[in-house]
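Participant: For chain G, the structure is supplied; the task is to place chains H and A on it using the hints.
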Amino acid sequence: MKIILKLQDNYDLQANLFSFVIHFGLFIFMLASIQWQMKDVYYSEVELWDAMPMQVKAQPVANKKKSADIKKLTPKAIEKQKQLKINEDAEIKLKKKRKAEKKAKIKKIQKQALKQEKIEQLQKKLLEQEKIEQLQKKLLEQEKLEEIQKKLLEQEKIDKLKESILDQDVKKNARIAVEADQELFAGSNTGELNKFKAMIQQKIYQNVNKQLCGLDLVELEFEIQLMPTGELLGEPKLTQSSKIESCDQALERAILQSQPLPVPKDAKLFSKLKILTLKFSPNAYTE
Amino acid sequence: MIFNMKIMLNYIHRFIFFVTLITLSLSSNSIEVIEILGGKASQIPIAITPFNEEIRTMGEVPDKKNAFREKMHEVIANDLERSGLFTSLDTSGISTIPDSDILINFSNWSALQAQFLVVGKIITIQNRLITRWSLIDIYKEKTVLSMEFSGSKKQYRGIAHKISDLIYKKLTGSPGVFHTRITFVKKKSQKNYSLYVADYDGFNQRAIVNSSQPILSARWSPDGKKIAYVSFEKKKPVIYVQDLTTGKRVLVANFKGNNSAPAWSPDSKKLAIVLTYSANSQIYIINSDGSGIKQLMRTRSINTEPAWSPDGKEIFFSSDRGGNPQIYKVNVDGVSDVNRVTFEGKSNLSPSLSPDGKLLLFLTQDNGKFRVAVQNLLSNQVLKLTKGPHDESPVFSPNGHMVLFTYKDYGKTTKIGTVSINGLKVTPLRVGSEAIQESSWGPITSN
Amino acid sequence: MKKSLLLGMLMTSMLVGCSSTDMKESMGLNAPFPELTSQTAELSPAATDELASNPLLSERSVYFKFNSYDVESQYSDMLAAHAEFISKYNVAVAINGNADFRGSHEYNLSLGQKRSVAVSDSLSGLGIGSNNVETVSYGEENANQECTGSACDQDRRADIVYVGE
Chain G
1 MKIILKLQDN YDLQANLFSF VIHFGLFIFM LASIQWQMKD VYYSEVELWD AMPMQVKAQP
61 VANKKKSADI KKLTPKAIEK QKQLKINEDA EIKLKKKRKA EKKAKIKKIQ KQALKQEKIE
121 QLQKKLLEQE KIEQLQKKLL EQEKLEEIQK KLLEQEKIDK LKESILDQDV KKNARIAVEA
181 DQELFAGSNT GELNKFKAMI QQKIYQNVNK QLCGLDLVEL EFEIQLMPTG ELLGEPKLTQ
241 SSKIESCDQA LERAILQSQP LPVPKDAKLF SKLKILTLKF SPNAYTE
Chain H
1 MIFNMKIMLN YIHRFIFFVT LITLSLSSNS IEVIEILGGK ASQIPIAITP FNEEIRTMGE
61 VPDKKNAFRE KMHEVIANDL ERSGLFTSLD TSGISTIPDS DILINFSNWS ALQAQFLVVG
121 KIITIQNRLI TRWSLIDIYK EKTVLSMEFS GSKKQYRGIA HKISDLIYKK LTGSPGVFHT
181 RITFVKKKSQ KNYSLYVADY DGFNQRAIVN SSQPILSARW SPDGKKIAYV SFEKKKPVIY
241 VQDLTTGKRV LVANFKGNNS APAWSPDSKK LAIVLTYSAN SQIYIINSDG SGIKQLMRTR
301 SINTEPAWSP DGKEIFFSSD RGGNPQIYKV NVDGVSDVNR VTFEGKSNLS PSLSPDGKLL
361 LFLTQDNGKF RVAVQNLLSN QVLKLTKGPH DESPVFSPNG HMVLFTYKDY GKTTKIGTVS
421 INGLKVTPLR VGSEAIQESS WGPITSN
Chain A
1 MKKSLLLGML MTSMLVGCSS TDMKESMGLN APFPELTSQT AELSPAATDE LASNPLLSER
61 SVYFKFNSYD VESQYSDMLA AHAEFISKYN VAVAINGNAD FRGSHEYNLS LGQKRSVAVS
121 DSLSGLGIGS NNVETVSYGE ENANQECTGS ACDQDRRADI VYVGE
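Here the protein sequences line up with chains G, H and A, keeping their order. Per the numbering used here, the first sequence starts with residue 1, numbered consecutively. Per the numbering used here, the second sequence starts with residue 1, numbered consecutively. Per the numbering used here, the third sequence starts with residue 1, numbered consecutively.
The hints are simulated quantities; they were obtained by calculation from the structure and are not laboratory data. Any given hint might turn out to be false.
To be verified - Simulated crosslink set (PhoX-like; lysine-lysine; CA at most 25 angstroms straight-line): (1) K243/G with K169/H; (2) K65/A with K369/H; (3) K237/G with K40/H; (4) K243/G with K140/H; (5) K268/G with K279/G; (6) K358/H with K243/G.
Said to hold, decoys possible - Far from chain H, by Cβ distances over 12 angstroms, these chain A residues were calculated: (7) D49; (8) E59; (9) K65; (10) N67; (11) E72; (12) Q74; (13) G103; (14) I128; (15) S150.
Said to hold, decoys possible - What follows is a set of in silico ranges between Cβ atoms, one per label pair, in the way DEER data are often shown: (16) K144/G with E141/H: 25 to 33 angstroms; (17) K71/H with K243/G: 52 to 60 angstroms; (18) I31/H with Q149/G: 56 to 64 angstroms; (19) G247/H with F66/A: 41 to 49 angstroms; (20) I31/H with P262/G: 13 to 21 angstroms; (21) R206/H with F66/A: 35 to 43 angstroms; (22) S150/H with Q206/G: 51 to 59 angstroms; (23) S189/H with S68/A: 47 to 55 angstroms; (24) G234/G with E74/H: 32 to 40 angstroms; (25) K142/H with E219/G: 24 to 32 angstroms; (26) S38/A with T413/H: 36 to 44 angstroms; (27) K169/H with F66/A: 45 to 53 angstroms.
The beta carbon of each residue, even a glycine, is placed where N, CA and C say it ideally should be.
The shape of chain G in the complex, shown without the other chains (with noise of 0.2 angstroms):
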């Protein structure tokens, strides 16, 4: 039983820890993509304003102006005019090559910006391939319990045809405790305990007398050991009376009467029955 469980957990483990470092990778990417995209947008912020058209325009009128002047301007000036043109040039220039730059940069970022989808389309695909695993696996587990849940009914079914062959009465007695996850980790195991505990139950029943328990509501309560054969092993112990001597005595003989008792044969199942606390409530359900 543990050998299964640590398997199971090894490829679930495996399983979990490969799509937590894919998920952490993919995150760690995702910030840093998402950083770098921030930086970029003050950036071309401010590029933008020192490009404005207006500007542009107002040169060549200034040049025109310019020209006008150059007749009447002593070399000095010229030698200025020059000196201003080239800076001029250099400026345009610069500013060609930023804006050459910039467009550069925005194809990159056009670029990162189509990555970034293309991450974020496959982070996507990822996610819906984890959620369709997921949801096999809770088909999976569905389907295993139900399949559990239709034993089980069936079980119910049998025992309770049992019971109507027997007495009417016995149908209302008769209570089966059944834990489903038990049944999922221990097989079949815990259905059969309690199918002896139901013959053990109907066993003694069928000789409780109670007529000698009074009217009101008693409880009692015996410890019982048995044998592989069915057959007490010493007498039935009194841990709890009625109070009333005749109703624990009669319910001792029921017990004694009892033996054997149905036992399983299978020696780990008789195990968990050797030492077995019974219950009475005689009175209760009195028509």
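Facilitator: Relative to the frame of chain G, chains H and A by itself:
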């Protein structure tokens, strides 16, 4: 993020379960519990063997019929069976009958399904009987009771009844009533009535009153000394109280109109009676010598058949104040309101209370048939004990486990019998072929 | 008032002697209908003759319908004749009520009593006081224990019985 959590939770859940499973399996000393609810109204199977008889009288020829050997164990078997709590097993097929608790083959008796065994030996010397008997527990393989009684030959039934009482007390915890006595009225003809006292099983009957006029409502005082009854010998119903030892009687009520339905208070000092002094039947209380009359209550309707609660505080009675007769109760001090007690059935009559005050015994009319019924005064559940069609005069045994009543089939004479309080065992009393009416059960006496 | 009279009577009987059977005999308390006989006349031979000769007087029973306690008009003449007779001779009369056998003896005593009271009330309406009349019941004691259906009708009746006859 949420996605990750789900997986984590799933893993944690499985982990916890795994851990608990380990710890549970480590504590392998967990004891399985089986609950058994309810039970059966069954009888204790008891084997009562014929008592071996040894005659030690010089020159006495053994009675071919083995008189005491047969009868003693029969009396015990009949007693225990009649109570409804025992089944006596047929021991006629057994070759060697033990006469003491030595060398009992327990497995043989267990194979017979016997839970208990009664064995005995009777030694007769002249006119006396010595009875040695034992009660043996078959499952536990040990002797539970072992005693010796002696008495005259004539008393053999009394000795047997005493043995029955002791067995009953030991195994049920309640006192036995097999030594008690009853009264009943035999109507031999329209002009010939007798009031009899007999053993509870109808044996040893003797008449204590003979009259050409009807006798009704004989009631044994709780102290066992007197019987009150109604007689028509004065051409109208009047009440007498007769001393059982001396046979002398006192006329305690001869008021104008009817005097009837005497009911003893639990301390035997007072009688509740019914007078029609003021036209319709009303309930009064007088001292048992007839003095000190006091009216309990007065209405325009019939109020009759008074019965005291065992604590002496309440009186139950039947009344037609609601149309058909039903049973009501009232405080003896007359201060409290009258409360209705029965609600099922068309008519309910003849109330009486069990010795523990928990059960009401009465007559109910059900589809035209009169049947004996008991009602649990706490839960108000009603159980019909008999079938009818004309059952009457139900009275409790002094341990509350049996009911004595008269019954009559269409066109047949009235007979008398007992029914166990669970309604399962009805046994007639063989008292003769004459019609029986009105019965009463005497108290437990300590001999 | 009647109660105190009754009580007084009882008390005096107690005072006179212990409540033994013998004493009561001498007091006449053991005689039938003690309260009546002390205040009425015994049946004289003349009265007895008249009882025998008058056909109406020989009718003594009033029958009742099922579950009813009404005296039907068919009995008017008969009751009138009895009333006349009673007042003429100042005799004591007991009215015995009866019931059929179904139910308990004691309860049937009470039912019979109701019938007896019904007839007594009729006589009272005809001027006959309670000094002359005692209502008693026999319940089912005179009834046919084997009757079925309408055969039980005749048990539902009240009978007029003259004290001393």
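Participant: Confirm or reject the statement that N67/A sits farther than 12 angstroms, beta carbon to beta carbon, from all of chain H.
Facilitator: violated (10 angstroms)
Participant: Against chain H, does E59/A hold up as non-interface, every C-beta pair farther apart than 12 angstroms?
Facilitator: holds (20 angstroms)
Participant: Given the hinted pair K243/G and K169/H, is their alpha-carbon gap at most 25 angstroms?
Facilitator: The hint holds at about 16 angstroms.
Participant: Hint says 24 to 32 angstroms; check whether the CB-CB distance for K142/H and E219/G agrees.
Facilitator: holds (27 angstroms)
Participant: Quick one: are G234/G and E74/H within 32 to 40 angstroms, going by C-beta?
Facilitator: holds (39 angstroms)
Participant: Assuming the hint says 25 to 33 angstroms, is it satisfied by the Cβ distance from K144/G to E141/H or not?
Facilitator: Since the Cβ atoms of K144/G and E141/H sit about 53 angstroms apart, the hinted range of 25 to 33 angstroms is violated.
Participant: For the pair supplied as a hint, K358/H and K243/G, is the alpha-carbon distance within the 25 angstroms limit?
Facilitator: holds (18 angstroms)
Participant: Falls inside 13 to 21 angstroms, the C-beta gap from I31/H to P262/G?
Facilitator: Between I31/H and P262/G, where Cβ atoms are some 18 angstroms apart, the hint holds.
Participant: Report holds if the minimum CB distance from E72/A to chain H is greater than 12 angstroms, and violated otherwise.
Facilitator: Fine: 20 angstroms to the nearest Cβ keeps E72/A off the interface.
Participant: Given the hint of 51 to 59 angstroms, is the C-beta distance from S150/H to Q206/G inside that range or not?
Facilitator: Once the Cβ atoms are compared, 43 angstroms apart, the range 51 to 59 angstroms for Q206/G and S150/H is violated.
Participant: Check the non-interface label on D49/A: least C-beta distance to chain H beyond 12 angstroms or not.
Facilitator: Label holds. Min Cβ-Cβ 23 angstroms, cutoff 12 angstroms.
Participant: With the threshold set at 25 angstroms, check whether the alpha-carbon distance from K268/G to K279/G stays at or below it.
Facilitator: holds (24 angstroms)
Checked against the numbered hints given earlier, the structure breaks hints 10, 13, 16, 17, 18, 22 and 23 and satisfies all the rest.
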